[in-house]
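Trainee: Each chain, letter by letter, is given below.
There are 2 protein chains.
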Amino acid sequence: MKTYLDCIPCFFKQALEAARLAGASAKTQKRVIDELAKALPEFPLTSSPPEMGRIIYQLINKITRTKDPYLALKDKGNQLALDMEHALRKKINNSHDRLLTATELSILGNIIDYGAKNMLDVEAEMAKILEEENRVKTLADKDNFHYMQFREGLGEARTILYLADNAGEVVFDKILIEEIRRYAGNKKIIYAVKEKPIINDALIDDAYVCGMPEIAGVISCGADAPGTILSLCSRKFLEIYNRAEMIISKGQGNFEALSLEKRPIFFLFMAKCPVIAREVGCNVGEMILIGNSA
Amino acid sequence: MKTYLDCIPCFFKQALEAARLAGASAKTQKRVIDELAKALPEFPLTSSPPEMGRIIYQLINKITRTKDPYLALKDKGNQLALDMEHALRKKINNSHDRLLTATELSILGNIIDYGAKNMLDVEAEMAKILEEENRVKTLADKDNFHYMQFREGLGEARTILYLADNAGEVVFDKILIEEIRRYAGNKKIIYAVKEKPIINDALIDDAYVCGMPEIAGVISCGADAPGTILSLCSRKFLEIYNRAEMIISKGQGNFEALSLEKRPIFFLFMAKCPVIAREVGCNVGEMILIGNSA
Numbered sequence: 001m002k003t004y005l006d007c008i009p010c011f012f013k014q015a016l017e018a019a020r021l022a023g024a025s026a027k028t029q030k031r032v033i034d035e036l037a038k039a040l041p042e043f044p045l046t047s048s049p050p051e052m053g054r055i056i057y058q059l060i061n062k063i064t065r066t067k068d069p070y071l072a073l074k075d076k077g078n079q080l081a082l083d084m085e086h087a088l089r090k091k092i093n094n095s096h097d098r099l100l101t102a103t104e105l106s107i108l109g110n111i112i113d114y115g116a117k118n119m120l121d122v123e124a125e126m127a128k129i130l131e132e133e134n135r136v137k138t139l140a141d142k143d144n145f146h147y148m149q150f151r152e153g154l155g156e157a158r159t160i161l162y163l164a165d166n167a168g169e170v171v172f173d174k175i176l177i178e179e180i181r182r183y184a185g186n187k188k189i190i191y192a193v194k195e196k197p198i199i200n201d202a203l204i205d206d207a208y209v210c211g212m213p214e215i216a217g218v219i220s221c222g223a224d225a226p227g228t229i230l231s232l233c234s235r236k237f238l239e240i241y242n243r244a245e246m247i248i249s250k251g252q253g254n255f256e257a258l259s260l261e262k263r264p265i266f267f268l269f270m271a272k273c274p275v276i277a278r279e280v281g282c283n284v285g286e287m288i289l290i291g292n293s294a
Numbered sequence: 001m002k003t004y005l006d007c008i009p010c011f012f013k014q015a016l017e018a019a020r021l022a023g024a025s026a027k028t029q030k031r032v033i034d035e036l037a038k039a040l041p042e043f044p045l046t047s048s049p050p051e052m053g054r055i056i057y058q059l060i061n062k063i064t065r066t067k068d069p070y071l072a073l074k075d076k077g078n079q080l081a082l083d084m085e086h087a088l089r090k091k092i093n094n095s096h097d098r099l100l101t102a103t104e105l106s107i108l109g110n111i112i113d114y115g116a117k118n119m120l121d122v123e124a125e126m127a128k129i130l131e132e133e134n135r136v137k138t139l140a141d142k143d144n145f146h147y148m149q150f151r152e153g154l155g156e157a158r159t160i161l162y163l164a165d166n167a168g169e170v171v172f173d174k175i176l177i178e179e180i181r182r183y184a185g186n187k188k189i190i191y192a193v194k195e196k197p198i199i200n201d202a203l204i205d206d207a208y209v210c211g212m213p214e215i216a217g218v219i220s221c222g223a224d225a226p227g228t229i230l231s232l233c234s235r236k237f238l239e240i241y242n243r244a245e246m247i248i249s250k251g252q253g254n255f256e257a258l259s260l261e262k263r264p265i266f267f268l269f270m271a272k273c274p275v276i277a278r279e280v281g282c283n284v285g286e287m288i289l290i291g292n293s294a
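Going down the list, the sequences are from chains C and L.
Going by the numbering used here, the first residue of the first sequence is number 1, and it counts up by one from there.
Going by the numbering used here, the first residue of the second sequence is number 1, and it counts up by one from there.
With the rest of the complex left out, here is chain C (with noise of 0.2 angstroms):
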């Protein structure tokens, strides 16, 4: 997905924001501002935001001295994350479709996002999500969710490849990745996660903390932008994408960054924002689930 240019006065709030989080002092955002203002014009809008995004959060870490603001953050969301486990499973364990839930908790998952969603109150949405019941319903045949043709591609792919979004998310990736194997038997599953500190993307210490080895290979993309750049990502990472026989894609960054490539790729994000929603046909706030069958 190209860059809109709505878009970029979204860059400037999640600048601004990423600096305060970098306990940048009011002269320092504004050169963070100020260096992201000059760095503008040469950004083709042809790439795609988390293209933009990389550049934005490596101005701030450069300017800011930081390596990973949101550290404090990610430990926060994976702590309350493992700590709705058990509430999680018992949802599933009471609902009429283990997967069909799974699923869908995994996408509500995705509101744990620093990035696009902004000084979200995380542990209110966490228990939003649980109480939620009206939105964990069937959802199997309407657009924009084609679980039924999710759940026919997990049951004759062999290999699979999730790509993570955000730390704490991780624990549902885990909980759906349990339902995957209880529903389609034994497959290779794959789990890849960022290289570097990007926003709150999940890294591999986000993967351990949260139990991610225990039903998943994991690996990281080789790259550190707030998406699947693929020209950014590892020889390693590339050969097993190539090979997958289906692609589970998390989160509105990794929508951004492969919605145009030809893999069997299936998008599982929450819709965050005008310019996403556009570009799908849905409403702010809607449950995606959207295959790119090549």
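Because the hints were derived from the structure by calculation, they are not lab data.
Check each hint, because a few of them may be wrong.
What the hints assert, rightly or not - Straight-line C-alpha distance at most 30 angstroms; calculated DSSO-like pairs for lysine-lysine: (1) C:272 with L:13; (2) C:76 with C:62; (3) C:38 with L:62; (4) L:262 with C:27; (5) L:13 with C:38.
Since we're looking at a predicted model, the values are computed, not measured.
Following the hints, position chain L against chain C.
Mentor: Okay, now just chain L, sitting in the frame of chain C:
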């Protein structure tokens, strides 16, 4: 009021909208954004938002080769407000405190603003104004709504300068001025509009179309900023400003431009963004009537 860093993403958003309203192509819209980005580092945050707003809209007009992209919206706003005139008067006739109701309606009329509120459905908002009985109630003793002080000031002042905000809103201002005359007797009241097109701010033509000369003297402030920036105003206007025993300042832009001034100003506006809400100490969407007694 100074410009906050949080105003900057909003500048880009407004620039994009204005460029689109001016019929700019995607390429020209990008040029507007890039030129704004280039100008940004040079802009001191000690200046008020209307000073930056003026520069931004001048830039847009230059790049898009338009002089008044908001003309059609202003005409529509005037017509809508004139269509409501009878209903507004009826509301005042049926109220317990005519002056209070006229004051509140005049502040609600400030909703007609295409700068801070984007793509507002004016007709829906207008209908809402008349329906919202709950909002038009006795707020006399509330924080940030100093009605008693305002009424007292009106009683004492012999000359009043009334600073206009947007087109359309002029009709609401005219009705308030009628009620001021009814309550406080004959006064010299001057209604000041902007000199040249800037966003949807009222100009001399708008004041005439809305019937303002029937009830008050109409002048231009001599400037073209979206707020009364005194250093840009005409000598004639400044003489009136300095001699007026009371100044009624409508809208957020005039508050941003004049909040630090020492003349006896009452600011009447709707708090439209988080930055102004923090500055005033109120909620977004709150009706504000605060004095600045020298």
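Trainee: Now, for every hint given, state plainly whether the structure supports it.
Mentor: Hints versus structure:
1. C:272 with L:13: Distance ~18 angstroms between residue 272 of chain C and residue 13 of chain L Cα, so the pair holds.
2. C:76 with C:62: holds, 24 angstroms
3. C:38 with L:62: Answer holds: residue 38 of chain C to residue 62 of chain L is near 21 angstroms, not above 30 angstroms.
4. L:262 with C:27: holds, 29 angstroms
5. L:13 with C:38: holds, 17 angstroms
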